[in-house]
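*Asks:* Using my numbering, you'd call the opening residue of the sequence shown number 80 and step up by one each time.
Source of the hints: derived by calculation from the structure; they are not laboratory data.
On a predicted model such as this, the values are computed, not experimentally measured, just so you know.
If a hint is listed, it holds; no wrong ones were tucked in.
Simulated pairs of lysine-lysine, PhoX-like, Cα-Cα distance not exceeding 25 Å:
hint	residue 1	residue 2
1	K576	K531
2	K477	K545
3	K376	K674
4	K674	K576
5	K444	K485
6	K118	K747
7	K510	K477
8	K510	K485
9	K135	K376
10	K477	K444
11	K592	K477
12	K444	K592
13	K548	K405
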Amino acid sequence: MKTSTVRSRILSLIILTAGLIIPITADRQGNPSYSAGQKEFYLQNDALAFVRPGLKIDIQKAEIAGDTAKVTFRIADDKGQALDREGIITPGIVTLNFVLARIKQGDRQYTAYTTRMQPNPTTGKLYLQANRDIGGSYASVSEGVYTYTFATRLGPAEYDPKVTHTVGIYATRDLGEFGLGVYAGNAVFDWVPSGGLVITVRDIVRTENCNTCHDPLAAHGLGARREVRLCVLCHTPQSTDHITGGPIDLKVMIHKIHRGADLPSVQAGGAYEVADGDFTEVRFPRDIRNCEVCHDKGAQSKNYLSQPAQAPCGSCHDDVNFATGKNHGLGGAQTSDTNCTVCHAPETGREFDVSVKGAHAIPEKSAQLPGVNVQILSVDGTAAGSNPSVSFTLTDNKGNPLDASKMDRLRLTLAGPTSEFTFHAREDVQKAALGPSGYTYKFTAAVPATAKGTFLVAAEAFRDLKLPKVDGTTVNARDAAANKTFYFGVTDRTPAKRRAIVAVARCNTCHEKLSAHGLARNNLEYCPACHRPNYTDEGGRPKDKMPAEALDFKNVIHKLHSGHHLENDFTVYDDGEPENLNMIHYPGDRRNCSKCHEGTSYQLPLPKNLMATITPRGFFSPTPPAATACLGCHDSQSAAAHAFVNIAPFGEACATCHGEDAEFAVSKVHAR
80 MKTSTVRSRI LSLIILTAGL IIPITADRQG NPSYSAGQKE FYLQNDALAF
130 VRPGLKIDIQ KAEIAGDTAK VTFRIADDKG QALDREGIIT PGIVTLNFVL
180 ARIKQGDRQY TAYTTRMQPN PTTGKLYLQA NRDIGGSYAS VSEGVYTYTF
230 ATRLGPAEYD PKVTHTVGIY ATRDLGEFGL GVYAGNAVFD WVPSGGLVIT
280 VRDIVRTENC NTCHDPLAAH GLGARREVRL CVLCHTPQST DHITGGPIDL
330 KVMIHKIHRG ADLPSVQAGG AYEVADGDFT EVRFPRDIRN CEVCHDKGAQ
380 SKNYLSQPAQ APCGSCHDDV NFATGKNHGL GGAQTSDTNC TVCHAPETGR
430 EFDVSVKGAH AIPEKSAQLP GVNVQILSVD GTAAGSNPSV SFTLTDNKGN
480 PLDASKMDRL RLTLAGPTSE FTFHAREDVQ KAALGPSGYT YKFTAAVPAT
530 AKGTFLVAAE AFRDLKLPKV DGTTVNARDA AANKTFYFGV TDRTPAKRRA
580 IVAVARCNTC HEKLSAHGLA RNNLEYCPAC HRPNYTDEGG RPKDKMPAEA
630 LDFKNVIHKL HSGHHLENDF TVYDDGEPEN LNMIHYPGDR RNCSKCHEGT
680 SYQLPLPKNL MATITPRGFF SPTPPAATAC LGCHDSQSAA AHAFVNIAPF
730 GEACATCHGE DAEFAVSKVH AR
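Using the sequences and the hints, build the whole thing.
*Replies:* Take a look at the structure:
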């Protein structure tokens, strides 16, 4: 059958099934389960069975005969059914790429056979780079099974059949014409050509660690490279960036990318760029000294402790010149990695020494911190119009009482109602009265006379300390308390917390321990008490920089995580100092609302009687709640106009089209 005839029949079937968005059932026999956040969820059953979404690669064997390498593999859909590589018998062409590399026993990294010479576009100078094989040939073995013969020939000087060889495959399958996306598949296969067990591979960072933030890790073009085991086959010491002439060795490049804006070279006014982009603005969403967040679970993940070396260490500490000894302290000039372990032992059990572990100790996680704990015991005087009186304790981690007057910060916040925060008062309580059971403080602010519902009291506290280092100097550390909250009913018999929208545990998959404003605020129940719909940065913004920016939580968080994707400036002011947040690069996929949101909290319609947000810098103000949330990411003029024409004086019509049962449901339009 001719290809054109088959494609015509495919398109005819799709035309017949287009528009049928009956969700597949999660427990359908033999089918994988799809969630409402996946495009496959919305395919009609017959179309789903025909299109057969997904791409899986299974490498069955690899072999080398003479100077020729071959790999046999199977490609399949999500259900494990075979796919046609050319997209004739099954929908979607599968585009495959192959990399071949070896790693000698005792070596720490791979050397690729498949390479290219890439010219600098300005000078024409050629740079060696590991690359995919080009010009190889396919042979069909059986349904979905193929053998690929590499065009790259293995020279006798570089080929040793007794060492570990690894073949990597990365592939894409484009089903965009069927309303789906581009599927990516990766696979690696390790073997020793002469026979015997594979002993040496590079297994330092696991993809699952990357995907706690990246959702998922996807690099180069269509994002086909998704496994670190594949990345290490090309990003080797032999590879050089043809644009900058710098290394694209993974252990160098990844450290520099993740430190980004905080690299000493960037702080000094430089930039960090490689051919794929400019990473000068990148900021790691937790403390960069937390090496374990990436170096975990792999067979060699602890190599960073036992095998310090100039290349990986100098990638983060790029103001150190090992050749001259500049900024290398007592280590002085070093011509090789031979002496690194003389000073830099893996760990000594001490913090802030020159051991690898000690040098990366994070002050705010130090075992030397005594700890600060605030426990709110009770709140009295809670009627509307009253000044609440709060009883609380202040202790260290051992339960010893702390002196409130000696804290660097000790504040209580009164806010409410929890249905939608509109009132907020924060007061310094370092002069709280000390009694036998703890401290007592009476707010100067009163619960509003018209208040209803539930209010909260929250505490924030910290001490700034100097912790001793092994060399006799000190390091600054902030010992901050967890923000404790206490709810009380003004008119509610049973206090009711604010509805659950975002969980801090979800934030901490990237942030480890979410904290803002100098580590003082670290509880998501506390954040919206201040970041309420009627709150802006007017108090901290210079008059010549007006109008003010909205600081409502749903506006700020969506915009903050959209960062450099925003079309408009997003700069907020605090005490006259600007902070431009367009530089933030969110490492995940913003369409995945459930990455941050609890349950169905991102879906429409929103609860009734929510306040509109004061948005002085928006296209219109005030902005109703659903529009505020959506325009936080979709900040274009056309998106604002779309929202505006669907708003009446008595409410929003967003759920008409974007409710979960509607054609353009939030879940559906964000499905990926």
